[in-house]
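J.: Sequence:
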Amino acid sequence: MSQYATISGTKIKTIADLQAMKQAGQKITSLTAYDASFAALLDQAGVDVLLVGDSLGMVVQGHSSTLPVSMQDMIYHTQLVSRGRQQAFVLADLPFMSAATVELAAENAALLIQQGGAQMVKIEGAKIATIQFMVQQGIPVCAHLGLLPQLIYQAGKYSVQGKEEKEAERLLADALEVEQAGAQLLIVECIPATLAQQISEQLTIPVIGIGAGVNCDGQVLVLYDMLGIGTGRKPRFTKDYMQQGDSLAAAVQTYVAEVREQKFPGLEHSF
Numbered sequence: 553m554s555q556y557a558t559i560s561g562t563k564i565k566t567i568a569d570l571q572a573m574k575q576a577g578q579k580i581t582s583l584t585a586y587d588a589s590f591a592a593l594l595d596q597a598g599v600d601v602l603l604v605g606d607s608l609g610m611v612v613q614g615h616s617s618t619l620p621v622s623m624q625d626m627i628y629h630t631q632l633v634s635r636g637r638q639q640a641f642v643l644a645d646l647p648f649m650s651a652a653t654v655e656l657a658a659e660n661a662a663l664l665i666q667q668g669g670a671q672m673v674k675i676e677g678a679k680i681a682t683i684q685f686m687v688q689q690g691i692p693v694c695a696h697l698g699l700l701p702q703l704i705y706q707a708g709k710y711s712v713q714g715k716e717e718k719e720a721e722r723l724l725a726d727a728l729e730v731e732q733a734g735a736q737l738l739i740v741e742c743i744p745a746t747l748a749q750q751i752s753e754q755l756t757i758p759v760i761g762i763g764a765g766v767n768c769d770g771q772v773l774v775l776y777d778m779l780g781i782g783t784g785r786k787p788r789f790t791k792d793y794m795q796q797g798d799s800l801a802a803a804v805q806t807y808v809a810e811v812r813e814q815k816f817p818g819l820e821h822s823f
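For the sequence shown, the working numbering begins at 553 and goes up steadily by one.
Derived from the structure by calculation, the hints contain no laboratory data. Certain hints may be false.
Unchecked claim - Below are the EDC-like pairs computed for lysine to aspartate or glutamate, each with C-alpha atoms no more than 20 Å apart in a straight line:
(1) 815 x 792
(2) 709 x 719
(3) 715 x 726
(4) 786 x 753
(5) 718 x 729
(6) 715 x 659
(7) 715 x 587
(8) 786 x 820
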């Protein structure tokens with residue numbers, strides 16, 4: 553049996569499928585997932601990519617940032633999501649300090665794949681040497697540029713990146729570099745929509761945005777945000793789909809449809 557087939561024989565999406573979607577101009581849909589039940593629900597609703605994000609530190613564990621999340625946490629939640637999905641592509645975050653050296657990054661990425669069941673790992677920042685090393689070891693890599701939550705203590709606050717011309721030029725250069733280093737997917741967070749469009753058009757790999765405008769190759773949101781779960785101020789780029797749906801499944805289906813039809817994000821969700 554193929555490594556890309558489940559016990560039932562259902563084909564699991566691959567990076568080649570996501571690449572084909574970009575080439576065909578079909579928007580990629582993604583949401584975070586942290587357990588088997590939600591993974592199954594999102595999968596059945598047509599979500600293409602399930603991101604096991606270190607955002608679980610905030611929305612599941614109750615921390616004020618993603619920094620306390622451990623490798624053990626990430627492996628555990630990736631296992632849950634991998635068990636619950638039937639078709640969706642599973643992407644897992646490398647948490648804070650798990651990629652402090654190139655060797656450590658590769659070792660931890662291998663654990664997410666071997667033990668967790670991830671098909672690809674995501675790393676924050678333009679860590680070119682680390683990306684190159686992981687790719688050389690056969691590890692599929694997604695880069696993450698723009699707002700980097702793991703650097704919150706350095707930055708002091710969450711804010712839009714790339715508003716100034718020099719910063720925008722650096723982000724575009726970083727995007728081109730991570731692709732050249734071998735990254736097969738890129739997530740851009742909280743950057744101006746015009747910059748995100750430029751990056752998406754210049755890169756051959758799929759570019760998925762969060763708070764980056766409608767012209768990326770796909771969109772991702774934190775599941776709890778799009779379901780209106782939690783207290784406190786929500787980021788501008790989120791939308792509560794439970795206000796439109798009469799069930800969790802209906803809310804996710806509406807999100808998927810709006811991303812596919814380029815109705816989300818709107819101008820009110822962009823920078």
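J.: Confirm or reject each hint.
T.: Now the hints, each set against the structure:
Taking the CA atoms of residue 815 and residue 792, the gap is about 14 Å. The hint holds against a cut of 20 Å. Between residue 709 and residue 719, the direct Cα distance comes to roughly 17 Å. Compliance with the 20 Å bound is thereby established for this hinted pair. With a C-alpha separation of about 15 Å, the suggested pairing of residue 715 with residue 726 holds against the 20 Å cut-off. Of the pairs offered as hints, the one joining residue 786 and residue 753 is violated, with about 29 Å between alpha carbons and a cut-off of 20 Å exceeded.
This hinted pair checks out: residue 718 and residue 729 have alpha carbons roughly 16 Å apart, not beyond 20 Å. Only pairs whose Cα atoms come within 20 Å are accepted, and residue 715 paired with residue 659 is rejected, the gap being roughly 36 Å. Simply put, residue 715 and residue 587 have alpha-carbon atoms about 36 Å apart, too far for the 20 Å limit, and the pair is violated. For the hint linking residue 786 to residue 820, the alpha-carbon distance of about 13 Å falls within 20 Å, and the restraint holds.
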